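Fit chains F, B and R to the known structure of chain H by using the hints.
Chains as they are written, first to last, in our numbering: chain H, 5 to 334; chain F, 5 to 334; chain B, 5 to 334; chain R, 5 to 334.
By construction, these hints were calculated from the structure, which means they are not laboratory data.
Treat each hint with caution, since some may be false.
[Said to hold, decoys possible] Sample of chain F residues with no beta-carbon within 10 Å of chain H, all distances over it, derived:
hint, residue
1, Ala63
2, Pro130
3, Pro160
4, Val191
5, Glu267
6, Arg282
7, Arg323
[Stated by the list, open to error] Pulled a few chain R residues facing chain B out of the computed Cβ check, cut under 10 Å:
hint, residue
8, Gln112
9, Phe236
10, Arg262
11, Glu267
12, Thr269
13, Phe279
14, Leu280
Since the structure is predicted, the reported quantities are computational estimates derived from the model, not experimental observations.
Backbone N, C-alpha and C fix where the C-beta goes; we use that ideal spot for every residue, glycine too.
There are 4 protein chains.
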Amino acid sequence: MVRIGVLGCGRIGRVHADSVAVLRGAELARVYDPVEASAREVGERYRAAWTTDVDDVLADESLDGIVVASPTPTHVELLTRAVRAGKAVLCEKPIDLDIGRVDACRTQLGDLTDRVMVGFNRRFDPSFADIRERVAAGEVGALEQLVIISRDPAPPPPAYVATSGGLFRDMMIHDLDMARFFLGDVVAVTALGSNLISREIAQAGDIDGAVVTLRGAGGQLATITNSRRCAFGYDQRLEAFGASGMLIAGNQHPTSVRYSGAERTDAAPPIFEFFLDRYTPAYRAEMAAFVAMIETGTKHSPGFDDGRAALVLADAADRSLRTGTTISLG
Amino acid sequence: MVRIGVLGCGRIGRVHADSVAVLRGAELARVYDPVEASAREVGERYRAAWTTDVDDVLADESLDGIVVASPTPTHVELLTRAVRAGKAVLCEKPIDLDIGRVDACRTQLGDLTDRVMVGFNRRFDPSFADIRERVAAGEVGALEQLVIISRDPAPPPPAYVATSGGLFRDMMIHDLDMARFFLGDVVAVTALGSNLISREIAQAGDIDGAVVTLRGAGGQLATITNSRRCAFGYDQRLEAFGASGMLIAGNQHPTSVRYSGAERTDAAPPIFEFFLDRYTPAYRAEMAAFVAMIETGTKHSPGFDDGRAALVLADAADRSLRTGTTISLG
Amino acid sequence: MVRIGVLGCGRIGRVHADSVAVLRGAELARVYDPVEASAREVGERYRAAWTTDVDDVLADESLDGIVVASPTPTHVELLTRAVRAGKAVLCEKPIDLDIGRVDACRTQLGDLTDRVMVGFNRRFDPSFADIRERVAAGEVGALEQLVIISRDPAPPPPAYVATSGGLFRDMMIHDLDMARFFLGDVVAVTALGSNLISREIAQAGDIDGAVVTLRGAGGQLATITNSRRCAFGYDQRLEAFGASGMLIAGNQHPTSVRYSGAERTDAAPPIFEFFLDRYTPAYRAEMAAFVAMIETGTKHSPGFDDGRAALVLADAADRSLRTGTTISLG
Amino acid sequence: MVRIGVLGCGRIGRVHADSVAVLRGAELARVYDPVEASAREVGERYRAAWTTDVDDVLADESLDGIVVASPTPTHVELLTRAVRAGKAVLCEKPIDLDIGRVDACRTQLGDLTDRVMVGFNRRFDPSFADIRERVAAGEVGALEQLVIISRDPAPPPPAYVATSGGLFRDMMIHDLDMARFFLGDVVAVTALGSNLISREIAQAGDIDGAVVTLRGAGGQLATITNSRRCAFGYDQRLEAFGASGMLIAGNQHPTSVRYSGAERTDAAPPIFEFFLDRYTPAYRAEMAAFVAMIETGTKHSPGFDDGRAALVLADAADRSLRTGTTISLG
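Next comes chain H alone, as it looks inside the complex:
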């Protein structure tokens, strides 16, 4: 039985606690949150020890793995301490908003970063993972073009935007990782942004829509289209086009019901509202992979360097947006 501790009992911490709870072979042993009510609620729900002192978790020698689901500014410190305490770590994205801090952390930890898995949960989405495997198996021939469309249902609160690191580092980082998941190394980044949705976001100096184009080392082209608002829910699609075919992951509906009437036919219900519904299976599979890596002792994937690489792309997108030029990498 793999024993897991969770640092942070907010929205995403609870997702991970839930994933551990339903996973055979894993046990939620300890949870931490500085807010006592949060720590207690999650602890009691899952019959796990709870604490408001993070050291209680880091010092627990019985734990095999630790999930870092605390606020972003605390990620580097907590993952460093956890890894040094001999734990495997699943760290929520991003590792940090500042590439300098990420690089410093990398230098300090050296090979210990092999014990860090970064929470790019979408790699574990059954549809995206299926396409990735089939592309790797040659089902569409050599990959030539990748189209990612990713839209949130509604913009976050202005206060969140201010500290989020901006659309590229906060939202698109998932899509940038997805592009790397398919393309491998990226050699060029071009970004365009727009402010069509939220005056508050514009005032905070951020954009609320964007298109980023990437070129892979193999010459492939990828586009990522983001929007902070989508009237019909959490729009998450991907299209992998290759020399001999194409695989598309469409949106998903809670039922398979279709309506036909005088005004329209075959109408599907709304898609999932947001990531907790859309990506529940992905979070479950991510936790299962984390636990399996602990059991087998293999290097974690997506790892620390994947977390770093996505941030490098987000930074490049930011630079491209500000300069109106394509940014070359590597």
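Same frame as chain H, but now just chains F, B and R:
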């Protein structure tokens, strides 16, 4: 150039005239209708000779084929005269509402019935024809179950219903022929009817909805579901289920546009309103087949005996409805 | 916390144990199976007390509800004892294969049958339940036609068929209940059967394909198409057609991936293999409803009389098949 | 009856001749091609006068409109002569590959350019036109993002590529016009290209894949993804995303048949092979619009300036590709 004459310039006669006009290798030479305005309008539109005297057409030695698109009670007489005048005939369904008259006609004409094609246009629908070919090619293995759903957008006028021969002979006869197209000989017929739509139809002694179940000689089962009203248009679907797979022909839309919004996603536009739109390609292909048969001298298909067999099934359905028993055939 | 005991730790018993385990507010307290290995395995997996003596469960005063998931011939006795012991009961379908025994049980239990819920899990399938609610809310106008297609991936073992009660009581009973779920009382039943798949099933005197047509008290028509074999998985579809529209529940796929290549486009992956995958959400929702009914003390639904009514329809289908006539009910 | 002459009897000239032939209210009066066999074949097929001397057509006073479907280098001269001869002109795209020649032509013709329609047939595609109308009607709220995917089935012959003007001017020009159709004025263009398909195209100095991003004057973002090869046919899709919803035009199939088997389900047939099949309805509607504009005397649309504007965008894309910067316009 195959020269065609059309008898009857009503709705369906115009469809056939149109099909001849756009067909390379065929020429609309003469049209007849007892109503001068109708005959003239169609004749002038297609630059064909027009007449209100049917003998003008039947006596025209330059004609190769004649389309009988006049009212049902005149079919037997006109097809008989046309065939005896040496013409190939495309006769609209049904040959007649009375199986006795059909059988008498068959006896009189003997082998001349080989020159008669019956207007079961749906056999030429690109989707249904594709499924028929693929089933014949073994793509779904041995055929086991057939599901036909066929609904009209709105009930016909009461006056029409009174002389129509009833739902089975007027409307379902197309689906009964489609069942024979897939199953071959039918050995048992069971029918249920309903009156949920139109008081006038009930008062005329007819039903406005029905389910008929057929058993083919090979033991296959088929269901036909009919309704005289369908809020979302002309609902025309078919499902062929076999030992190793299934082929479905779904409804068709005038565009490939799909709408997503807060209330629904992927909503398609309404389907085609009625048979003139839905089956235009079928009517075109039917006329092309008729002309090709004239050119090659092959026996016409679907032929006179197919027209007769569908009527036999409609009569059996009627008997099943009245007796509450399965009717065995053959 | 509602405490549940499970009688029978075979395939379906484990499904229910699993549903209790993941349900907040319920606790799997005790499980029974005459085979020690089965009882122990399920008990240990869920940390529940386990036993090979059914009396241990029935005598446990702390239990609120009991799930009867034992072999069909034991259902009547166990549900009777459980209800008399003051428990709410979720009894797997069918209550019994013999309507005489069912009626005798009903007479004996009287109002106690209100404490019995029958395991027609499909009523809780999110797609079917959604259609049922929307039909009730008038979204398609008055319901006129219902089309149910239900095909198993592969025929059961011959030994199972011999004691199954036949296709109507074993397999179609779910669809007959679904028809009642939509139509309410059924007044006429007509059945056709086929033997196209399995020589063993034919030798056992059963059919392996069937079409049953039902008429509701309101004049609506329903068709149920069953097959014991389906090459592409567990084919489970439903179409509710009404005066102003239609709702269809299509098959469901494990991912939203679609493939396009030179031979085909938009190809979806195979559908779910069988009921444990397809109906997992339905089993979960069924258990949640059972627990909620225990908590609120409301009459259970679908109840004992629903279980009886579906069996009456299966018997009528059997009689129709043997006599070639429509069977009138009520 | 509007009388039309066609200059050029190659592939696209025949498409237009066909469109005139089936259009009520128009008549194909004269056709020209320098190759006698081509001119004669088209003339005889449609019973039109044919000639190898272009002056025969330009001097025919009975003609109301002229279709310029000759090779691109002859467009400017022929459209100029035709307009000056008092004819309305439908000129195939592009007007010319050289913006200098286009501008000179514009200066020379002045208001006479109002009589020129440019052959951006996709504006008349029923699906794209439907989305355009619904966007204009506010069905998705303010337009925010446009996604155009446009892939040819196979690269053109190397000899064609050499004189084609390059992917942007030859192929993407249709998509650039489509972007203008939705966005209006474009203020910024960013282009990326790839050479993954054809060595010959690379040797000719051209690209065989591209992504272009556009910003509209209203701040909207659009992406165009092009490929010179697509294994599954002529991939032509468009997605208009707005503040309150989205409209997508998917690919189109020749039938509505879907196959399900052990390996896959719901598989559609291949899409249309190339533009003559995919856009036949668009060409028909384009010709109808041209004839209607002649009859009503209204200014032609898409007009000369639309042809010019699309070329300006293609030139900007070329410059962006070479410089790695975003090109600002207007």
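Taking the hints in turn, this is what the structure says about them:
At the 10 Å boundary, the C-beta of F:Ala63 stays outside the reach of chain H, the nearest C-beta of that chain being 49 Å off. Against chain H, the non-interface label of F:Pro130 holds: every CB pair exceeds 10 Å, the least being about 20 Å. With a least CB separation of 19 Å from chain H, F:Pro160 remains clear of the 10 Å interface cut-off, as annotated. Residue placement check: F:Val191 keeps its beta carbon more than 10 Å from all beta carbons of chain H (closest about 35 Å).
Its closest Cβ contact with chain H, about 7 Å, brings F:Glu267 to no more than 10 Å, contrary to its assignment away from the interface. With a cut of 10 Å on Cβ distances, F:Arg282 stays outside the contact zone with chain H, its closest approach being about 13 Å. Residue-level check passed: F:Arg323 sits 34 Å from the nearest beta carbon of chain H, beyond 10 Å. A cut of 10 Å between beta carbons decides the hint on R:Gln112: the least distance to chain B is about 47 Å, and the hint is violated.
With 10 Å as the threshold, the beta carbon of R:Phe236 comes within range of chain B, its nearest partner Cβ sitting at about 4 Å, so the hint holds. A cut of 10 Å between beta carbons decides the hint on R:Arg262: the least distance to chain B is about 8 Å, and the hint holds. For the restraint placing R:Glu267 at the interface with chain B, the shortest Cβ-Cβ distance is roughly 7 Å, inside the 10 Å limit, so the hint holds. The interface hint given for R:Thr269 is met, as the beta carbon of that residue sits about 5 Å from the closest beta carbon of chain B, less than 10 Å.
For R:Phe279, the interface hint is violated, since its Cβ never comes within 10 Å of a Cβ in chain B; the closest pair sits about 17 Å apart. A cut of 10 Å between beta carbons decides the hint on R:Leu280: the least distance to chain B is about 19 Å, and the hint is violated.
In this structure, the hints that do not hold are numbers 5, 8, 13, 14, in rising order.
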